[in-house]
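Engineer: Residue-level listing of the chains:
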Amino acid sequence: MTCKAAFMLAIVAVPPPAIAHHSVTGQYDPEQRIALSGVIRKVDWINPHTYLHLEVTNDDGSTTNWRLESAPTAMLRKARITPDMLMGGGAVVTVDVILARDGTEHLAWLYRIDYPGGHSYQLSAER
Amino acid sequence: MRTTAKPSWASGFALLALALGNLPVGAQNGESATPRLASGVPDLNGTWDNGSGIDFIEPVFEGDSICLAGCNDPPESGAAAAPLPPDRPRYRSEFQARVDDLDARQVDEDPVLRCFTPGVPRIGPPDKIVQRDAEIVFLYDDVSGNFFRIVPLDASGHPTDTVPGYLGDAIGRWDDDTLVVETVNFNGETWLTDDGSFHTPDLRVVERITRDGDTLTWRATAYDPAVLAEPWNLRPRTAYLTGIEITEAPPCIERDLGHMVDDSSHDNPR
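Protein chains in written order, with this note's numbering: chain D, 36 to 162; chain B, 17 to 286.
Excised from the complex, chain D in its bound form (with noise of 0.2 Å):
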C-alpha cells in the first residue's frame, strides 16, 4: 500500500443484503478492506453501478487517482443521494472500501464515505 492513508481495518462478517448487479465478492475481497482519506473528484453516474474517483494524495506529494464502485444510481435516488451530495464540495474525505480480487490496483468497492463535517453515507452493507 503505497498510500499513507491507507491502514487495514478490523473485519466484521456479516451476511449482506445483495443490493449489486453482480457479486461484489466475485470481484472484490472482504478481507482486503482499507481506509482511505482523498477528495471525490468525479462521480460516474452510470448503471449499473456508480463510480466514484477519489484522489488519494501520497507521501511523495504525488497523486493516486481511485476507482471506487458503489450502488446503482436507481438506488441511490431512493436514498435522495445526488452526485453532487457524494462530491461532498471537495473536502477531504475517508473512505471504508475492500479492494479487488484480481490485482488491479486502486480499483475498491466502496461501503462508506464519512464528510469532515461529521455526516456519512453507508452505501453497502458488509461483505
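Treat the hints with care, as some may be off.
[Claimed, not checked] Think about it this way: if two alpha-carbon atoms lie no more than 25 Å apart in a straight line, the pair counts; the simulated SDA-like pairs of lysine to any residue are:
(1) D:K77 / B:H275
(2) D:K77 / B:C131
(3) D:K77 / B:D80
(4) B:K144 / D:T129
(5) D:K77 / D:T129
No lab work stands behind these hints, which were simulated from the structure alone.
In this text, all values refer to a predicted model and were calculated from it rather than measured experimentally.
Guided by the hints, dock chain B onto chain D, whose structure is given.
Structural biologist: This is chain B only, laid out in the frame that chain D set:
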C-alpha cells in the same frame, strides 16, 4: 446496539423516513380503498416501488447522514429471517445440462450483465403505469435502461407483422378486477432468471396484476413447453405506490466482468 462511533441508524428511522416521505405511500397510510376509473376498472395509474427485483431500499436518515444498506444492528439472537429459496423454472431433463452450463458461465453469458434488456418476466412488475380505457403503458426504470411496453386492451389478437423483440408483443384484458397481460413474439435472446434459464422464441408469458389500496400484486406464468417441464409460476411480487418518480436512466456501462475472479457472478434473487 453497536458500541462504535457509527451513528445509531435504527433510532428514529420511522419518524425520519416518514417526514421525508420515503416510505411507500401505502405503508404510510395503511389500508385505503382501491381507486377506480370512470369505466369501473381498478385505476393502476401511478409509480410503483417494486424493489427492482433486488431489495426494497429502506434508507435510514439521521441528521445529514444516510444509510442505504446494512443499517440495522445484527440480531442479537440470530433470529434474522431466512432468505427465500431461489424461484426457478423446471426444465425438461434433456435441457438441464444446458441450463447448468450457462449458469456456470453466467459471467460470460448472462445478457443482463451486459446491460441488455432483461426481457419478460425477468424485468418484473412495471415501475410506472399509465392507464387509459383502451391501453395501458408499462414504464420501467431498470439498471439496463428505461423500457416501455404498450398493452392494448381492445386488440382482437397479437399482430402478425411485428419483429420479435426482447419484451415481446403484449395484449391485455380485464378479468373482473385483474389485469391480464399476455405476451408473445420474443426474440429468444433473454433469460427467464439469472442462472442460465434460457427460453425459446415461442415463450408465452401471462401476467396478472391486481391492486388493493396502494398495493400492487404482480403474478406471472411462463409457458415454453419446448424446454420447460411445466409452466413456471413465478413467486408473486408486491409493489407499493410511491411518491418517488422514475427518471431518465443513466447509461448502462458494464465495467466489472473483466475483474470477476470466478463465474459465480450473480447474487440477486431475480
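Engineer: Hints first: check each against the structure and report whether it holds.
Structural biologist: Hint check results:
With a C-alpha separation of about 22 Å, the suggested pair D:K77 and B:H275 falls inside the 25 Å cut-off, and the hint holds. With a CA separation close to 23 Å, the supplied pair D:K77 and B:C131 stays within the 25 Å bound. Pair hint D:K77 plus B:D80 holds up; C-alpha atoms about 21 Å apart against a cutoff of 25 Å. With a CA separation close to 37 Å, the supplied pair B:K144 and D:T129 exceeds the 25 Å bound.
Note on D:K77 and D:T129: the hinted pairing holds, with a Cα-Cα distance of about 15 Å set against a maximum of 25 Å.
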